[in-house]
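Trainee: Quick note: this note's numbering has the sequence shown finishing at residue 233, numbered continuously throughout.
It cannot be assumed that every hint is accurate.
The list that follows gives simulated cross-link-like pairs (lysine-lysine, DSSO-like), each with its CA atoms no further than 27 Å apart [as the list claims (entries may be wrong)]:
| hint | residue 1 | residue 2 |
| --- | --- | --- |
| 1 | K166 | K199 |
| 2 | K58 | K145 |
| 3 | K89 | K137 |
| 4 | K204 | K147 |
| 5 | K82 | K166 |
| 6 | K145 | K63 |
| 7 | K211 | K145 |
| 8 | K63 | K199 |
| 9 | K192 | K165 |
| 10 | K63 | K35 |
| 11 | K147 | K172 |
| 12 | K63 | K24 |
| 13 | K35 | K145 |
| 14 | K42 | K24 |
| 15 | K89 | K42 |
| 16 | K54 | K192 |
| 17 | K145 | K77 |
| 18 | K54 | K77 |
Quick caveat, the hints were computed from the structure, so don't treat them as lab data. All values reported here derive from a predicted model rather than from experimental measurement.
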Amino acid sequence: QSDTIVNNDDSELSFNIALLTFDNFRMNFSNNQNLLAANLKIEHLNLSGDFKADTYQLKGETEFLIQDIIKERKKWLSNKNCSISVDLQVSHNKYNITKANIALNKIGLELGGQFNYGDSLTDLEISFDAPELDIGSLLSLLPTNYGEKINDYKSTGNFYAKGKLAYQSNNDYLLESRFGIKKGTITYKVQGTSISEVDVEGALEYGSKRTSLTLKNIYLKLNNDELKGSGYIKNFSDPYLRFSGAADLN
């Protein structure tokens, strides 16, 4: 359903879409310059909004299956369910995210921020908040080559993360995040060995110019033994590590 209004003074066309629905279709995307490709199976897509020539508001919600996302010939995601609800305010090539919620493989994210997109993505500033994440679901998002290495481990507990991502078209990017684990358990399935009551607070910087990982208030139990510690890693390409810890062994 839509209403259309033409402004005779400047011939600007504006219209309102109450609801536009698409069901059961496929979407394929490829960017040869960045060696990025994605194949999606869309279950449904609902769109509504107020539109003008250069400025408009758009609301959308969709559920789809990520069949695969490939970056530099590596498969990063495969067969993952995703749902998105988003409100956008658009002016020319600038997109402001008024509100956005994403659920990916039972992982919930709240997003905000803005990005510029014309013929390509030129810059992006996105904030994210994931107050309650399941460790098992999170690990299931690891690329296939990494996921195979952790199949011998089982993890439970709560994981939280909050941060922001900035990107510019000159490939200058920076991801900053604060995260933590509360009351986690990690089990090595081969031997049935578990560490429990895992707590940690962390901060991550991952960018084109700097990388670092800081961990503090680390606590875990192995049987009746307790371990505590903190530390950091700087420069992932040529790591400098510093960690300290204490153990209470029984």
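Trainee: Out of the numbered hints, which ones does the structure contradict?
Mentor: The structure conflicts with hints 4, 5, 8, 9, 10, 11, 13, although it agrees with all the remaining ones.
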